[in-house]
Amino acid sequence: MPDSKLITLSEAVARFTWDGMQYASGAALPVGSDAIVFGRELLRQQRRDLHAVFHCNSQQLNLLAAMGAVTRAECGFSGLEVFGFANGLRRAVETDRLVLEDYSNLSMPLRLLGGALGWPFVPATVNIGSDIQDRSAFAPGHYPSREKIPTVVDPFSGRTIGVFRPLTPDLAAIHVTLADPLGNAIMLGTEWSRFELSRAAKKVVLIADAIVDTGCMRQFPNLVRIPDIIVEAVVHWPFAAWPQGSPGMYDIDEAHMTLMNRALATEAGTEAYVRDYVHGFRDIASYLDMIGRETCARLSGTATGFLLDPYRQWLLPDGGMLA
Amino acid sequence: MSAQDYTRQEMMAIATGREIRDGELAIFGVGLAMLAGYFAQAHHAPRVRAMTEGGVYGATPVGGLPWGIECNRISTNATSFTNAIDALGCLVASGRCDVGIIGAAQVDRFGNVNTTGIWDGRIGETYRPPKTRLTGAGGANDIACGAKRTLIMVAHEPKRFVDKVTYISSPGYLEGGDARSRYGFPGGGPAAIITTLGILRPHAETREFMLDAWFAFSDVAEIKANTGWDLKLSPEAAIVPEPTDAELAALRRVDETGALRKRS
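Protein chains in written order, with the numbering used here: chain A, 1 to 323; chain B, 1001 to 1264.
Hints in this document: simulated from the structure, not taken from any laboratory.
As the structure is a computational prediction, the values presented were derived from the model and not from experiment.
There could be a bad hint or two in this list.
To be verified - Chain A is faced by these chain B residues, among others (derived, beta-carbon under 10 Å): (1) Q1004; (2) L1065; (3) I1069; (4) T1079; (5) T1082; (6) I1085; (7) P1130; (8) A1137; (9) G1146; (10) A1179.
Claimed, not checked - Some residues of chain A that are not near chain B, with every Cβ distance over 12 Å (derived): (11) I7; (12) D19; (13) Q22; (14) A124; (15) D170; (16) K202; (17) T266; (18) A297.
Even glycine gets a Cβ: it sits at the ideal position worked out from N, Cα and C.
Could you build the full structure based on these sequences and the hints that come with them?
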């Protein structure tokens, strides 16, 4: 019987992160599934100078950028969708404290796929012909840039195309709906780029909203898109994506999305936010108190709750820690 | 004249939705574009094959405008969840998608879109961060490269309609003419810019956007005054029919939370 990989959030950050690392989070959807609580713990342990690889910005990158913990970032989208601009990230970019290299929502997962497959480069049929190709924040001295998305000749057609640099982040902290103690994971909702990310990263830590018995994985093996053999550790953390949503588990906390983004617009607001919502909890129970138990109950009443029904019988009520 | 009062944003969404044909494979960006697309499905294109760039298929919004492409409001009644490479890659960048709707912070005379940033003047030879950082390209670049035709939906204001965008986040016709063909994109480029004042369409050869239609509440002079280049009038330019009661009813069923009814 393989050993459980369940560890605490603080242990995961202490063991698998370091200053200056290339850190990827996922799925990094701006209002959806992302391991946002992992970013809170990165700040609690005062990680600095991170090179962030986020398919899209999320409230996690917004927070890390507002606190100056990220100095370089690569993204396909840097807003918060209908919640507007990401104030912490935009402030860091506008003041040049964070260098942001722009890609698109297809080129980021293609670069992860390239990293996952060990390809030397990935052919680019998008991003070419625009300033995503011609302008590089990482190599700003050349215009038009051919360092970021260089060109090659397609040997079959003779046509000149672009190429993307593959990504192999040091760590991917991946939010999933359900994990078993061994590190098998089921994601409800779009997986966005979590499949590619889990294969591209040198190490993978799962942050799961709920822990299930391995019997669940044996019942639905087709749905286990991240298998235990590529996972280092599993952290159980309910509402791990809060204030963003997690299909089947909880809705977006609209009020906190707005409150948080408004706070991150200023230095003072960011300090207050970090005091209240980064240092404002010690463990899962006090984290849920911080969100508000009534809010948790309301958000859990999501219309997507039926998506969880087939899996409920395998949920481990204590997060598997006693199993 | 429609019996009902309606907003300029609602007219824009309805005019955009009228461009969507039944049965098409369609991808809708987040926000107002999504309302326009799902309005078309609710009104005249019931068999439109709609998707979001997150790989959410077979879904319609429930409870109002989704906060994002993967919001629970669009995940409640999906028939398939896949991923970004599937939706934006296999179905869009491949050239298979018929039509995509995207937004813009700025758009220029050749339909190039900027959603990345606002600089004070040209960027220059050396890249520098923008004075105002915007959202970046998201999936719009991929849609602009891959979809057979792209619809650009944008509020008609002088600061948004510029002669040449400072930064091309999503390519239109680049410098015009056949410039786009250099890159071999499977997508044909922007078919229309639908605004809060009217509809612009590209000239067949120069690819410069011309005024094709205005709304009941706007006119040529107002549109020209809000456009940052010398906007030419298409010979066929005409007024757009007002929303019908059925169109407004369908739109408002989709736009349950009234995102388009807010008057800015």
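A quick look at each hint next to the structure:
1. Checking Q1004 of chain B against chain A by beta carbon gives a least distance of about 25 Å; that is not within 10 Å, so the hint is violated.
2. Here the hint on L1065 of chain B is kept, as its CB sits about 7 Å from the closest CB of chain A, short of 10 Å.
3. Taking 10 Å as the C-beta contact cut-off toward chain A, the hint placing I1069 of chain B at the interface holds, the least distance being around 7 Å.
4. A distance limit of 10 Å between C-beta atoms decides the matter here; for T1079 of chain B the minimum to chain A is near 12 Å, and the interface restraint is violated.
5. With a least beta-carbon distance of about 7 Å to chain A, the hint placing T1082 of chain B at the interface is held under the 10 Å criterion.
6. The interface hint given for I1085 of chain B is met, as the beta carbon of that residue sits about 5 Å from the closest beta carbon of chain A, less than 10 Å.
7. At its closest, the beta carbon of P1130 of chain B sits 7 Å from a beta carbon of chain A; the interface hint therefore holds under the 10 Å criterion.
8. Look at A1137 of chain B: its Cβ gets to within about 4 Å of chain A, closer than 10 Å, so that hint holds up.
9. Evaluation of the G1146 of chain B hint against chain A yields a held restraint, the C-beta minimum of about 7 Å falling below 10 Å.
10. Checking A1179 of chain B against chain A by beta carbon gives a least distance of about 8 Å; that is within 10 Å, so the hint holds.
11. The claim that I7 of chain A lies off the interface holds: its Cβ sits roughly 28 Å from the closest Cβ of chain B, which is beyond the 12 Å cut-off.
12. For D19 of chain A, the condition that its CB be more than 12 Å from all CB atoms of chain B holds, with the nearest at approximately 23 Å.
13. Even its closest Cβ contact with chain B, about 19 Å, leaves Q22 of chain A beyond 12 Å, as expected for a residue assigned away from the interface.
14. Interface exclusion of A124 of chain A from chain B breaks down, the closest Cβ pair being 10 Å apart, not more than 12 Å.
15. No beta-carbon of chain B comes within 12 Å of the beta-carbon of D170 of chain A; the shortest separation is about 22 Å.
16. No beta-carbon of chain B is positioned within 12 Å of the beta-carbon of K202 of chain A; the least distance is around 21 Å.
17. Listed as a non-interface residue, T266 of chain A keeps its Cβ farther than 12 Å from every Cβ of chain B; the least gap is roughly 16 Å.
18. With 12 Å as the threshold on Cβ separation, the claim that A297 of chain A sits away from chain B holds: the shortest Cβ distance comes to roughly 16 Å.
Consistency note: the structure conflicts with the earlier hints numbered 1, 4, 14.
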